[in-house]
Structure formats: structure tokens, C-alpha cells
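Sequence order for the protein chains is R and Y. Numbering of the first sequence is given in our numbering, commencing with residue 69 and proceeding in unit increments. Numbering of the second sequence is given in our numbering, commencing with residue 133 and proceeding in unit increments.
What the hints contain is simulated information worked out from the structure, not anything from laboratory work. Heads up, some of the hints might be wrong.
To be verified - Distance windows between CB atoms, simulated:
1) R:108 to Y:169: 41 to 49 Å
2) Y:363 to R:220: 48 to 56 Å
3) Y:471 to R:112: 50 to 58 Å
What the hints assert, rightly or not - Chain R is faced by these chain Y residues, among others (derived, beta-carbon under 8 Å):
4) 198
5) 203
6) 205
7) 209
8) 210
9) 216
10) 217
11) 228
12) 234
13) 250
14) 253
15) 257
16) 535
What the hints assert, rightly or not - Covered stretches of chain R (in silico footprint by chain Y; criterion: 3 or more residues with CB under 8 Å from a CB of chain Y, positions within the stretch not fixed):
17) 123-131
18) 154-160
It should be emphasised that the depicted structure is a prediction, and the values quoted were computed from it without experimental measurement. We put the CB at the ideal spot given by N, CA and C, even for glycine.
These are the residues of each chain, in order.
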Amino acid sequence: MPDVTLAGVIAALLALSLNAYVLFAGADFGGGVWDLLATGPRRGRQREIIGHAIGPIWEANHVWLILAIVITFSCFPPVFARLGTVLHIPLTLMLVGIVLRGSAFTFRSYDDERDTVQRRWGRIFAGASLVTPVLLGVCIGAIAAGRVRRLGRNATFSESFVDPWLTPFSLAVGLMTLTLFAHLAAVFLTLESTDRDIVEDFRTRALWSGAAVFAAAFGTLVIAPEQAPLMGVGLLGSTWAVPFHLATGAAATATLAALWWRRYHLARVAVGAQVSLIVWGWALAQYPFLIPPDLTVDGAASPDVTLRLVLIALGLGAVVLLPSLLYLFRVFKAAPSDSVRRVPKGEPGV
Amino acid sequence: MSDLLAARSQMAMSLGFHILFAVVGIGMPVLMVVAEQRYRKTGDRLCLDLAKRWAKGTAILFAVGAVSGTVLSFELGLLWPGFMEFAGPIIGMPFSLEGCAFFTEAIFLGIYLYGWERISARAHLFAGVMVAVSGAASGIFVVIANAWMNAPTGFTVVDGKLASVDPIAGMLNPMAFQQTLHMTLASYAATGFAVAGIHAFLLLFDRQNAFHRRALAIALLVGAPAAVLQPLSGDLSARVVARYQPAKLAAMESHFKTGTRVPLVIGGWPDMETGETRYAIRIPGGLSFLATHDFNAEVAGLDQFPRDEWPHVPIVHTAFQIMVGLGTCMALIALWAGVLAIRQRDLCSNVWLLRALALAAPMGFIAIEAGWTVTEVGRQPWIVYGVLRTADAVTPMPGLVVPFLGFTLLYCFLGVMVAWLLYRQIIRSPRPTEWSRIYTPAGAARA
Ligand code: HDD
Ligand code: HEM
Ligand code: HEM
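Extracted from the complex, chain Y is given alone in its bound form (with noise of 0.2 Å):
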């Protein structure tokens, strides 16, 4: 494995490890500010006892959220010294505001989770809010960093170094807000997903337990919203990826020749030798429609970019292909959730949902996964779009592999143990003699 390519593995394990503790510090506490409301409104105690349970589980992954987050922006400098180096003028701004953002986040959360018995009920809600935004807002600091890598702004290079810095405008670069507004709504739809399948699952098996349809309501009513809103913003995504970074959408749509009216690849398995897409179904005008809102305009191919700045397209393709296909299924969930929801049934009764949830839990945190593989790999061989290279960028450092083993390991190590945990406290811990015993309404019926 070469020095660069062992950087680029570490720099890609560490970032997918880390997302995923990230997406759950934004998506978990709106669902345990929003548990805690309601008990503080209605005094339904299986709320109260929802909120803490969420917030122990927000506890673990929130950890282990500081520590791998810690390792990156340490791994910046360990890993890509070239591109501190030179970029760190212009990104230090948004790492900034987000560095006080985790500051808030970090010391509301102390306050929510201790806190319980020693502050005012309000006080303790408002630490809960606290916590939410303060996590919403570091997300999208850093979203903004990474948008900046892809439609760089706000700079001239003379020899070499930024001059005329303007960080201001490096922060409005143009893929900002369509990346900050798709991210935020992924960390709300993946979290939302995740806990309603896991509650459904249980449910399946215990129809009126009461306790998994407070929270299953709860997480939809997050988590539902969001997955239908996810493809209207990723359109939006798309489009200004067609705009500032074509490779990358040639990548994507795994489409070779350049042309008008030109077809949406679906699937398949594209070939960069011949430039041929194997096995692929084909929407004639499809990517011409998508990409411009006009069936029959001109998208630019590979065959633009010389051979050396392409991307891996079969990873490209395949991963955006993943991430397009479970969002469809997410948001058509969402929508007959919803259209069950406003015709007032008991959404809890209906064993095909419960089933359809069920099997979408880990969806949306797959479809991150996928979607960070499309903007990252898309952007190869540009660490910076168009203006530094990767393989500019990286440590002088030998013996690369060795660090990325042994983070490979200590991370592989945490995903089980965390794992563990989480079963042992939100999963298993409801005994169901003891809850059913306290919580399924008296001569209820039990599956």
C-alpha cells in the first residue's frame, strides 16, 4: 500500500467512523428535547422515562463522537500538512465557529445529563435545546469547511500561496448551502429512522407496549419530515455539482461522452477503459433533466477532463446509485407513515409498516455513508477542486499503513463495544415482565 493511498484510507476510515456518531450528537437530542417536552406538557411519565434512556445512549455515542472527532482534526495536520498549510487562512473560519459550537454543545450536554435532579425543570429543557442547535450548528460549520474544498472561493494562488484571502467568501462558497441543508436533513432522517426501526422491530413483537409507540411516534415525527424532504435537496445538490464540479456528476452518472439529451444511468457496472456502463437501465433525457431541468440540454463527460483527473467511477456510480435508492425508499415510507398518520390510524397496528421500518433502520446511515463516498472520491484526484492536488497535499511521513492499521483496529474495537453497550441499555434493559407490567394499559391484549 503506498504512503498515499494508506493517508487516504485513514483520513476515509477515521471521517465514516466519526460521521456516524456526529449524525446521532445532531438527529438524538431533538428526539430527547422533544420526549421531555411532551412529559413536561402532559406528565406522561413514559416520556420522562424515554428522554433518559435517549439521553444514556446520547452519552456513549457522544463520547466516542469528542474522542474520533478529536483524532481528525488532529489527523488534518498528521495526515495533509500541505493542506493545512495552504488552506488553513481560509477554512480556520468555519473550524473556528465550530469549535465554539462544540464548546456549547459539549458543556449543555453535561448540564442535560447530570443535571436531572439539580436544575429547574426549565433550565433542564432549555440545556436540552441548547444542545440540539449547539450540534445542528458545529454539523454545518464543518459541512461548510468540506464545501469549500469542492467549490473553492475566495482567494487568488500566487506561487504557489493563497493571497487575497477573503474567508467571508470562502464561507458562501456555492455548494454550501445545498450541502449544509442536505446533510442536516440526513443526520435528522438517518437518527429518525434508526430508532423508529428499532421501536417497530420491538413492536412486532409486543403490539401494545406502550413505551415503543411513544417512541416510535416521536422518532417519525423527526425523522419522516426530513427523509421526504432528502431527494427535493439532493436535486438541488445535484445540480450545483453539475455546475462547479462536472467530473464529478460524469463520475456519478458514470456518463462517458459528452452530448445533449443525454440518458440517466441507473445501476450497472461502468467500465473506465472503454468507457462503456455494463448492465445499466437508461431514462432517455434523464441526467440532461436533471442536471438542468431541460430534457434536452448539454451535459458535459468525462471525455471533457483528461484521463488523469477523472475520479474512480465504478465507486462513484455504485455509491451514488446506493445512496438515491435508499433515500427513494426512505422518503416513500415517510409518505405512507404520513397519508396513514393523517387518515388517523394507529400506525402501530399496521404490521407491514412496522416491518417496512424495521428493515429501513440502518438506511439512512448507509445512505450517508454512500453520499460522503460520491462527494470525496468525486472530488480525486483534487484534495482542493481544481487547485491542489492529493497527492500534493500529503505527509512526507513513511510507513503510513502502520498508523492506519492501528486506527483501523482501535476503532473496529470501539464499534463493538459501543454496539454493545447500546443493546445493553436501550435495547435490553426494558425487561418486558417489568415493563408490560407497568406500561400496557390494564386487560390490553399482548402478541
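Next up, chain R with everything else stripped away, as it sits in the complex (with noise of 0.2 Å):
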């Protein structure tokens, strides 16, 4: 066992918002995916139960990717400095699909109730819920894989600013991600609705896209040792890999029975033990880097003061929000979506 460094605790908490913000805001992507797919005869009813299970959430659930971005400035500024100077193209066009998503889905919620004018926020809402995941699994693909380097002095534009990112490797763990999300949210919004034949919807939806990631895992697994050597070692090498792997994929499998036999709250148990235990294989399998080659845990952090304070700010910052979101879902998904109400519409008074 290495020391725990002040350091390593900090990118515990990045790992651990990571973890968070893909087991959250991950599931509410991939409800977009479904709004993208909703079809038959209950589409309209689907899509209705989409929007209500994300609207009372999906901000507070994003704000964890803020944390993650704060944290990585304050912590290892040199690590935020790279990211935004190599995967400037890709972070970029995943900002404008963030930017899209929100706000095509709030102005949805609140514009006119048309179907036209509805289903246009909709497809916007839909289609960058689709591109963003996409976008997000090319940036860990191209960090995983070690491309994230140093400018070269004499470097070509795309050798700089394209080549890291653009490669088999790192398109596949694109897909892998989009294909996670929406399996995580579909297993999610079986519980969301108390109408039996849109659980059965959702339900065939889930396990399409159970079998969806385990084909886009393994081709991910595939093409590692050749196209990302270091996470080949990582994932692949070390002592506690196989034990991960076979814990990754026991709870993939225990999605899939619980699903089968409609067990919906050990199933959404299960996909969130195999979400997070993705994300730790991955944050595992890198260290003690955060950007391999280079760039370590210790090596790129800040001083041991700066560390401390954002420590004890987060601290402070749990005792208020640990609590307050803790009830945020006991209010909303203590029971099924149906029986949300929004505002009401239209006229005044209630």
C-alpha cells in the first residue's frame, strides 16, 4: 500500500464526483436517448415520464461535473490547464451539446403545448443528449489511452490538437458510454411509472441496452492492449484487475437476471454497482496518474494548504448538501414520477 497523501484523497473525491455525475447525470442522458427512441403505440406517455423524472433533478444532478472541474483547478491545475489545451475540440463541442440539452429541455417544459412546437424541443433535447455521452467517453478514451501530452514545439495543428483524441480507442469508449447511459437510464425508469405496460416498455428497453454495453465493453476490452497500452496494463495486468472484472460483470449480470424477473429495485441496485464500479476500474487502472504519461497524483498538485482548505470546504460543503440531496430524492423518487405534478400551467391561481 502506497502512503495516503493529502493529494490522494483530493483525487479520491474527483473520482468519486466523477462516479457520481455518471451514476446521475448519466441516467438523465440516457433518458434523452429514449426520448430520441420512444416509439409505439405509448410513445407520448414515455416521453411525458421521461421529462418528469428528470425535470425536478437533472441540475442538481449536474453540478456534480462542476465539482469535478473545480476540484481538478483548484487541486492539479496542471491538469486542467492540458486537458483544455489538447481536448479543446472535443470539450468544446461537448459544451455547446450540454448548453443544448438543458435548455432545450427546459424551454420544452415551458413552451407552448403544441405538438409541433414540443416535438422541436424535443429533438433538440433528444440529439444532444445522444452526442454529448459520445463526447464525454472520446475525452476519458483519449486521457486513458496516455495521448493526452505535452504540446510538441514544432507539432502540426491536428497532430496537437486532433490526433490524441481522434482514434479507434477513444470513439469506442464513446460508444461504450452511450450505450451505459441509456442502459442506466432505462433500468432507472422502470420504477418511474406505475402503469404496467410502460414498465414493460422500459423494461425491454433495458435489457436491449444490457446487451448493448457488454458488445461495446468487450470491443472496448479488444482493442485496449493494442490502442491504449498503458490502460491495457491497468485493466488487464495488475493484481486486483481480474477480482474488478469479474465484480464489473457480476453486477452486469445481476442487472439483467433482477430485470428478467422484473426484481426493478435490486435492479437499479445493480446497475448503479456496475456504473460505479466502471468508473473505479478506470480511475484504478490510471494511478497514480491522472493523465498518463506524465502528469501524477503528487506531481501535479497543489500546495499542501490549497489541498487542505478545498478539503475542509468540501467538508463544510457535505454537512449542508449531503443532507439537502438526500432529501431532494426522498421528495421526488420516494414514489413513481406519475404523480409529480409541475406547476400548473397556464392560468392563474391553482
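Build the complex: two chains, separate frames, hints provided.
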């Protein structure tokens, strides 16, 4: 066991907030995917339930990303600078996706009730939900592959700003992120309705997307050793790797089994475990690097005073935040979203 | 367009866009809470209706505020990696606290907006208070980060890197108090005046409408005191600027030659080549008095600084004049309304006051944009005053004009959509026939 340093603790918190982002906001993005793919006689109802499920919580879920960004630039400034420089293009595109998704979703909720208007916003919301996770995955893939390096002196534009992330491996990770988010959302959505037919719709989607996750994960793993040697070593070579993969596989299988037998609460827990294990598997495979091959947790860290103070700030924040967050989910997620009503539209008064 | 200019323009455009929503995010929750509190206390259903209507508007604006804020936090790295790598360890502290404040705000806003029928009356009001408090807190923390860029403290520089970092001292920098005070007041003044102005305008056509009367009263309750205090707080700001950023003060006042008993230059167009300001009104000793509270004091002019450390004088000077002019108008209108209210007059039947308020609706927001232009353009060429130049902080990425144009188009689109939705939701939806039937006191004459 290496010594636990202050920077190590903060890096763990960084992984934790990414984990939370992927788990919660991931499900919101996945909801957008199912909005896009809504089919069959109940598609209007499906969309409505997705909207109700996301409505009260997406902004809070979104803040996990901001927390991760803030931790990165306060505690590991060189990492933030490097990401912003080398991944400028995919990050900018991802931002456009984030902006369009959030605003289109809100505009749809408050615009005209007429179908054509609703569908126009719905399409932007859904399209952005499809593209953003892929770009997030592409960025993660580029980092994991060790291609986010210091700019060379005489490098061309494409060597510096395009080649690091436009690779089959990055795209594979992007695809896997997308399928994972869609799967997550479908599993969560099985608990958002009391209507049996709708639940069945989401169950079918959850099963199919679960299969797609398996395929995408397998594909990524196959090309990893060649495309991302460092990742390959971490993911496949180290002592903890095998038990970790077994645990992830077990969680994935448990999700599908629970779905099969319609044990939706169990499926929700299992899919959460599966996603978290994937995030931590990635984080541990990279350790001690934040950006392989040169920026390590300790090497890139801010001075200890900063780390200590940020830790205190986050601790104090957590005292307010965690109970509030629990309360938010208690208020809105204890019962299916069917029963949530928004501020009544239209006429004044109640 | 050079890459540096494109990066600066993109930052300015993103911030100028975000600030509009941020200000509403600070001011609007206060209005909602006051309205809901009145309803809980008096059972006046109009107030409940107002709280709900305002909550809807806030939901739209908050969402755009949140996504544009996310863009900003990425842009710090996308455009200014040199700045973040340099300043991250010290500026990170206020940003971390801000992150916690956002989180609290987003959580309770979700509860407030969607929880009307799910939680008790008291819990709902509490959620509103939490939104208002954490909104103000998040604004304060970001502005502290900005104040540090203006008056950096809490570190030494060794070989171009920060050493002996003290983030607490960084947060307690000499501009922090004045800037956060001025910004927080600005948020309440701008939001209060915008809402009051809209309802005053509608009252001009329908004098007895009880809905608009309540709205106007609540909006003025929040906006007017802030507007009166704003010039006083601005005076505090001007004096710290004089002390810590003399070049910025000189540019604001278009003051080229160091001297004693320096006049205050109002209006006019400064010429950076000749050092003259044409077409201006001058008040003898005015600037000396404002900067130090002594009519005969010496004030450093731009001639004290090397030419390449001058900010763009015409922009800074003009923006400053705009802010102060609008601030004076708003304070006078607020005092006028205050005097009428103290004398127990009916504000809503004073046509001239209603007209003035309607005219003042956008003033606060324009003053805010102008004020930030003063602060930011006035700091140039420094990104961290006296320590790091903007040109040394910019990303090596070429072709920055592309994202600049892209985001500008995106934000224009969002701006138009938001305006349209607000019009639909807030202004247009209470159809006159509906609410006059319900809310106008029986027998009251309608204009
Ligand atoms: C409703 C908006 C509003 C109004 C009415 C005023 N201001 Fe202001 N002003 C701002 C909104 C604002 C701002 C946008 O909030 C700024 C930008 C940075 C800051 O901290 O506040 C600002 C900055 C700012 C600064 C520069 C601080 C710096 O560079 O750091 C000074 C000297 C003043 N103001 C002074 C005044 C005076 C003398 C006013 C008299 C009427 C006034 N302001 C009205
Ligand atoms: C929201 C209100 C704000 C507005 C409207 C605003 C406006 C501007 C403008 C006009 C510029 C361009 C100046 C120039 O290049 O001539 C700028 C630059 C910049 N601002 Fe601000 N600003 C705001 C608040 C902040 C805050 C709170 C921060 C940081 C904590 C900040 C950080 C920066 C940075 C890093 C730059 C780029 C470097 C520079 O030009 O100095 N700004 N902003
Ligand atoms: C003076 C300048 C600023 C003020 C007063 C301010 C204030 C606020 C407020 C009150 C919000 C809450 C959301 C809303 O009301 O719409 C907000 C959102 C946000 N701001 Fe700003 N902000 C400023 C500048 C900045 C800068 C420079 C950054 C980035 C570095 C930033 C990042 C964010 C982020 C990430 C959010 C979204 C938080 C969420 O999801 O709730 N802001 N800002």
C-alpha cells in the first residue's frame, strides 16, 4: 500500500464526483436517448414520464460535473490546463451539447403545449443527449490511452489538437459511454411509472441496451492492449484487475437477471454498482496518473495548504449538501414520477 | 481577428451573457419568497399566484444560467490555461465554496419548483429561502475570485510560479468587500427594477389591476433600497480602485496628467494619442474629492504608467459614465417612490412615476454590463493585475475565432428563445379578460 497523501484523498474525491456525475447525470442523458427512441403506441406517455423523472433533479445532477471541474482546477491546475488545451475541440463540442440539452429540456417544459413545438424542442434535447455522452467518452478514452501529452514544439495542428482524441479506441469508449447511459436510464425508468405497459416498455429497452453495453465493453477491451497499452496493462495486468472485472461482470449479470425476473429495485442497485465499478476500474487502472504518461496525482497537485482548505470547504459543503440531496431524492424519487405535478400551467391561481 | 482578441471576446461575450441570468438567480428568489410569505401570512391568493408565476420565469432563467455558467468554468481552461495553471491553487478556494453554494441552490430550486404539492407550506418557504441565500452566496464567491484578479494577495512569485500560497489571504484581498457588496446590491436593484418596470408598464394600461399592483409593490420593496444604496457602495469601490489600480481609475475618469485639485470629467470622448478629452463637462476638484474625499489631493494620471500598460481609455471611460448615469437615475426614482410611499400616497395612480419606472426597467442590467466592462477592460493588459499579462495566459490553440462565432450564434439563439418564452409565460399569459374578472375589485373603474 502506498502512503495515503492529501493529494491522493482529493483525487479519490474527484473520482467520486465523476462517479456521481456518471450515475445521476448519466441517467438523465440516457433519458434523452430514450426520448429520441420512443416508439410504439405509448411513445407520448414514455416521453412524458422521462420528462417528469428528469425535471426536478437534472440541475442538481449536473452540478457534479462542475464540482469535478472545480476540484481539478483548484487542486491539479496543470491537469486542467492540459485538458483544456489538448482536448479543446471535443470539450467545446461537448459544451455545446450540454448547453443545448439543458436549455431545450427546460424550454420544452415551458413552451407551447402544441405537438409540433414540443417535438422541435424534444428533438434538440434528444439529439444533444445522444452526442454529449459520446464526446465525454471520447475525452476519457484519450486520457486513458495516454495521448493527452504536452504540446510538441514543432507539432502540426492536427498532431496537437486532433490526433490525441480522434482514435478508434476513443470512439469505442464514447460508444460504450452512450450505451451505458442509455442502459442506466432504462433501468431507472422502470421505477418511474405505475402503468404496467410502460414499465414493460422500459424493461425491454433495459434488456436490449444491457446487451449493447456488453458488446461495447467487450469491443473496447479487445482493442485496448493495442490502442491504449497503459490502460491495457492496468485493466488486464495488475493483481486487483481480475477480481475487479469479475465484480463488474457479476453486477452486470445481476442487473440483467433482476430485470428478467422483474425485480426492479434490485436491478437499480445492481446497475448502479456496475457503473460505479467501471468508473473506479478506470481510475485505479490509471493510478498514480491523472493524465498518463506524465502528470501524476502527487506531481500535479497544488501546495498542501490549498489541498487542505479545499478539503475543509468540501467537508463543510457536504454537511449542507448531503442531507439536502437526500431530501431532494426523498421528495421526488420515493414514489414514481407519474404522481409528480409541476407548477400548474396556464391560468392564474391554483 | 487575432487569437488573443478572439479569446477575450469569447470570454467577454460568455460572461456578459451569463451575468444576466446570474443576477436574476440572485434577485428573483427574494421576490418569490416575499410573495409567498405574504400569501402564507395574509392568505392573499394573488400573492401565491405571483410567487408561482415568478417561479416559472426563474426556472427558465436558472436553467440557462446553469448551462452558461458551466460553459464559463470550462472556458477558464479552454481559453486561459496559462491563467488557471498559475492561479488555480489560490483562486480555487472561492470557486470550491461557490461550487457548494451552486449545489445547494440547484437542489432547493428543484424542491421549490416542483414541490408545491409535495411538501408542507413551511418546508416550501424554507426551500425558497435556501435558494435566495445560496444564490447570493454563489455570486459573492465568484466575485471574490474576480476581486483577487484585481488586487491579488496571498502569494509570492518565484520563477513565474506561485509560492507560499495563502488562499485565505487571497480571499480577503482588499477589493473583495467592496466588489461583493456592490455586485450583490446591483443584483437586487437590477432585478427589482426590471420586474417593477414591467408591471408599471402594464399598469399604465390597466390602473386598477390588483395583480400588477401587488407585483409592483413587492418588486420595489426589494429594488428601491438597493438602488439608493448603490451609489454609496460605488463610492467605496471607487476609492479602493484609486488605491490599488490607479491606472484603471485614471482610465475611468479619463485623467491623463497627474496633478492636484483634479477635475471630475463627465462625458466627453478621450483621445489616447493627444491625452485630451473633448466635449466633456468638468467639475473642479471633483475627482480629487471622489478618490480621496479631499478637494486638493493629488491623483495619479495615465502619464504615470508606461504606454503599454494603459487600458483602452474610451471604452472604460464611456462604460463608467453609462453606469454612473443610470445608477443616478435609478437612485432618484427609488427616492421618489420612497417619498410617495412614506406619505402614504398610492404609487400606482401616479402616472409619471409609472412611466419613469417603465423606462427604468432595463437600466439595472445595462449598468451591470457597463460596470463589468469597467472592471474587466480597465484591468487590461493584466489578467492578474500587475502579475500576469492576458497575452501570456491565452491558449496556444489557433483558430479561436471559430468557437467565438459559434458560441455567439448559440447565445443569440438562446437569448431570443428565452425572451419569447418569458413573454409567453409572464407577460402575455394573464389574459386581461381572465384576470380582470377575477381580480379587479367589483365596481372599480378600469382605464
Ligand atoms: C445595477 C447596477 C449598477 C449601478 C446602478 C452602479 N453600478 Fe457600479 N458596478 C456594477 C453595477 C452597478 C457592477 C456590474 O456590479 C460592478 C462590476 C464589478 C463589480 O464589482 O461591480 C460595478 C463596478 C463599479 C466600479 C469598479 C470596481 C472595480 O473596478 O473593481 C466602480 C468604481 C463603481 N461600480 C462605481 C459606481 C458608482 C459611483 C455608481 C453610482 C451611481 C455605480 N457604480 C452604480
Ligand atoms: C459576469 C460578469 C462579468 C463580465 C460581464 C465580465 C466581462 C469581461 C470582459 C468584457 C472581458 C474582456 C476584457 C478585455 O479583454 O478587454 C473579460 C475578461 C475576463 N474575465 Fe471577466 N467579467 C465578469 C466577471 C468575471 C469573473 C467573476 C471572473 C473570474 C472569476 C472573470 C474572469 C475573466 C477572465 C479570466 C478574463 C479573460 C482575461 C482578461 O481579459 O483579463 N470575469 N470579462
Ligand atoms: C460576477 C460574476 C458572476 C456571478 C454574480 C455569478 C453568479 C451565479 C449565480 C447566482 C448562479 C446560479 C444560477 C443562476 O442563477 O442562473 C450561477 C451559475 C453558474 N455560474 Fe456564475 N456567476 C458569475 C460568473 C461566473 C464565472 C466567471 C463562472 C466560471 C468560472 C461561473 C460559473 C457558474 C456555473 C458553473 C454555474 C452553474 C451552477 C449550477 O448548475 O447551478 N459564473 N452563477
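Quick rundown of the hints versus the structure:
1. Hint check: residue 108 of chain R to residue 169 of chain Y, Cβ distance near 47 Å, so the stated range 41 to 49 Å holds.
2. Distance hint check for residue 363 of chain Y and residue 220 of chain R: the Cβ-Cβ separation is about 54 Å, which falls inside the suggested range of 48 to 56 Å.
3. Take residue 471 of chain Y and residue 112 of chain R: their Cβ atoms lie about 57 Å apart, and the range 50 to 58 Å holds.
4. The beta carbon of residue 198 of chain Y comes within 6 Å of a beta carbon in chain R, closer than 8 Å, and the hint placing it at the interface holds.
5. For residue 203 of chain Y, the interface hint holds, since its Cβ comes within 8 Å of a Cβ in chain R; the closest pair sits about 5 Å apart.
6. Here the hint on residue 205 of chain Y is kept, as its CB sits about 5 Å from the closest CB of chain R, short of 8 Å.
7. Given the 8 Å rule on beta carbons, the hint for residue 209 of chain Y holds: about 3 Å separates it from the nearest Cβ of chain R.
8. For residue 210 of chain Y, the shortest C-beta to C-beta distance to chain R is roughly 5 Å, which falls under 8 Å, so the interface hint holds.
9. Annotation: residue 216 of chain Y was flagged as interfacial toward chain R, and the flag holds, the nearest CB pair being 5 Å apart, inside 8 Å.
10. Interface hint at residue 217 of chain Y: satisfied, since its Cβ lies 4 Å from the closest Cβ of chain R, which is below the 8 Å cut-off.
11. Hint status for residue 228 of chain Y: holds, given a least beta-carbon distance of 4 Å to chain R, under 8 Å.
12. Interface restraint check: residue 234 of chain Y against chain R, minimum CB-CB distance 6 Å, threshold 8 Å, status holds.
13. Annotation: interface hint on residue 250 of chain Y holds; nearest CB of chain R at approximately 5 Å, less than 8 Å.
14. At its closest, the beta carbon of residue 253 of chain Y sits 13 Å from a beta carbon of chain R; the interface hint therefore is violated under the 8 Å criterion.
15. Because the closest C-beta pair between residue 257 of chain Y and chain R is about 15 Å apart, greater than 8 Å, the hint is violated.
16. A distance limit of 8 Å between C-beta atoms decides the matter here; for residue 535 of chain Y the minimum to chain R is near 5 Å, and the interface restraint holds.
17. Using a Cβ-Cβ cut-off of 8 Å, 7 residues of the region 123-131 of chain R lie near chain Y, which meets the minimum of three, so the contact claim holds.
18. With a threshold of 8 Å between beta carbons, the proposed coverage of the region 154-160 of chain R by chain Y holds, since 3 of its residues qualify and at least three are required.
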